[in-house]
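Engineer: We have chain P; now place chain L onto it with these hints.
Residue numbers (the working numbering), protein chains in the order written: chain P, 1 to 333; chain L, 1 to 482.
No wet-lab data here; the hints were simulated from the structure. Keep in mind it's a predicted model, so treat the numbers as computed, not measured. Just so it is clear, CB atoms sit at the ideal spot from N, CA and C, and this is done for glycine as well. It cannot be assumed that every hint is accurate.
Claimed, not checked - Now the stretches of chain L that chain P is said to cover, found in silico as 3 or more residues with beta-carbon under 8 Å:
1) 173-186
2) 445-457
3) 471-482
Claimed, not checked - Straight-line distance between alpha carbons at most 27 Å, and here's what the computed BS3-like set of lysine-lysine pairs gives:
4) P:Lys2 - P:Lys287
5) P:Lys271 - L:Lys258
6) L:Lys173 - P:Lys137
7) P:Lys287 - L:Lys266
8) L:Lys134 - L:Lys349
9) L:Lys339 - L:Lys134
10) L:Lys266 - P:Lys271
11) P:Lys46 - P:Lys2
Listed here are the chains, written in short residue letters.
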Amino acid sequence: MKLPVLPTTMVGSYSMPGWLERLKTDYFARRISRNDLDDIHDTVVKAAIKDQEIAGLDIVTDGELRRDNMIDYFIERLPGVHIDRSSKKFYYDFYDSEVVGKIPMAPLGLVEDFKFLLANTERVPKVCVTGPHSLTKRIRNKYYSSEAALAMDIARVMNMELKELVKVGAKLIQIDEPYYSGFPEDLDWGIAVLNALVEGVDAKIAVHICYGNRYGKPSWEGSYRYLFPRILEAKIDQLSLEFARRGGEDLELFREFSVPFELGAGVIDVKTHVAETPDIVAQRIRKVIEFVPAERVVILPDCGLFHVPHDIAFAKLRAMVQGAHTVRKEIGD
Amino acid sequence: MILHLNHTRRDSAAASTAEVVSSVLALLEEKRLMPAQFARLQMYLDWLQYKQNFREPVTVTLPPGGRAGAFPTEIRVDSRRVAPGTFRDSLRRAICSATAAEKDSAGRLYLEEFKSFRESIAWQFNRLYWQRLKDWEAASGKPYEQALPGGKSDGHNPDAIAESVAEFWTLLKDLESRNQLPPEVFLLEIGVGMGTRARMWLDSFSAIDRERGTNLYPRLRFLLGDYSMSTLERSRSTVKEHLELCSSIALDALDPIKTLSFLRHKILYVHSTNTYDNLPDEEVVWRGNRIYWVWARAYLPGEDAARIAALCDLPVSDVIKTIHRLLDVGPDCLSDRAKGMLFWMEIWKALRTEERLMDTMDLPDVSYPAGLSPTQMEDILQDAPGDLRFHLSTGALESFRNTLPLLHPRGYLQVQDIFVTDLHEYAMGFHGPGKLDGSIVNWVNGALLREVAERSGYNIHFVPFKYRPESKTSILYTTQRE
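Chain P with its partners taken away, still in its complex shape (with noise of 0.2 Å):
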């Protein structure tokens, strides 16, 4: 399928239910089966695709609905680290893991998730998956000798899991590192770790950078300035970052450093309840083509919908959508 100039999509999530969350606490407190989550997750998971059809999205996620958060998705599927499952007061905590042996190759279980993607929808799919870098900030490391040891352990694994992805049509992969943000310093031996990640990976790679949206509020802030020059060493094709929130300031780096990478611009602020204006969102669009060509750019939210009321959630995605549509219009598209 022929994507637009400035396609649409999620950076990933989309907005979780308080019915839901309550079901999946329920589940941790096993008061419903396994069985029953799961088709409880298909339900919302084809409502959340027909959500993004019907805002109009060009690319579009399964919403992430099957994850409890974006970490734990990933280290309960990950052979060898060891979860301590009393550990989750609410869905949404973090389980208290650690790594004490190697970690062996063995399949994560995306590729079942994304199958369902596939199925149920003829928009263009994306594949969002946790990065190595930020997995290993919450895995406790007791056999590794260093955190980059860890990741890139971890890397090898994923590695064969997005290979795995590719063979069933992946086109589209999105990492999500919001980490970096936090430990900048890290930024070395993340960027090694994601090239060993999507090594031999053929299909296109996005990175997500963001500030942080836990709970719905940033974790970190500053200037995406900590990225370069190192990121232009990532073998990516583009590159994720928020604006609607922070402003856009740091689009001048693009100018700066010639980034040869696309750029998904944020363009809604996920962390405030209002809906954005179609108006608000074409002048942010507008802002982002003075510093990389419309060609180059894929429109966004600033990180996932997860902790957006639904209504609003999707009424941020109609106007982004429109805001989209004006510019295009604008340039002639």
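Structural biologist: Same frame as chain P, but now just chain L:
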């Protein structure tokens, strides 16, 4: 009958318990109390911390759906105030008042219908007090701080302030070392009062900054927040040495983000002292796996209404009208201002509330404080004692939830106040509402605050105020929840 002993004062407990039991048994013998009524009677023995409060020494709470004539199932006794040998009469009177038709209720002058206490007229008196603090202080002859336990605010303790400043300075240095120090460093004091703490804090920061040569002081942007413009005005003169860094903001403590949304995620330090305990509140009862709401109705005892009317040269029939005028215009409600002040202070002293339990099922429009769902509440109560009356801390929860979005990712909130940190404590003491000078005071339900905090991405910690050993206050501070 079930007797609940809700305090740990040994001397008053022994005497009052014996008298309660013998009085109830006597009423049973005299057939003033039927066996069926006796079987479902619950007696609560409290020891009210606040000498000034809204209760009679013996009060009756009508059961859900209770109407005049229904026999009470819940009777609360203030062990502190019941004089030895008088309990039996007080009990009989209280039962009569509660079961009599309204017009015969010992001549009580009702100021409102039954409603949640957070909507009670009592809070209008509280607001009037803060708006007319100068008038009250002039009439009472003492500044409001003298009404506080210890005679002054723990918020002004120099050692506590020095530690707070040192902690904040360390945070700024850490941010600076990571190149993350914002050019402008925002701080907010909610409920700034006379500005004494703000001045002491800024003096201390300025000194430490000068001593260490760090030049951080000029970056500070100190926001003085209070809902009373006259209070803000007074605080400005207190912080006159630091005026260039200070902004005065008329702020509703219940909703700071409404005024300061332009500083969302930008404030590094928010502080308040004795604000939460003075925000509108209400109580609920957890009994038999159900939640009941305590509704209240303010009244004046008949004899007090008559006494105050005589004191202020008013017909008794004008007392209610004059109260409403007082709440509108203050002590000028009477032509003689001094008499208006006397009227206010005497009415406030005499003000009482009757109570009634309301079943949640009968209140379809009832709402929990923002950030707290009925499901969460049920989860919290899973481990609570089976029969528990506690504060919802509605105002405090609202304020807390509407403050958190202001915090910078490395920012924190500190609240110095009186907290109940475990629900079980509610079964071991009285936590308000009480009267403190012309204002209302309630302990704050820290257990509920903790729940709301966790769902908002924060852990909260309560540290007893260590700088004055007899202090009952604690400092709540937030940390990021990973």
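Engineer: Of all the hints given earlier, name the ones this structure violates by number, lowest first.
Structural biologist: Going through the list in order, the structure violates no hint and respects every one.
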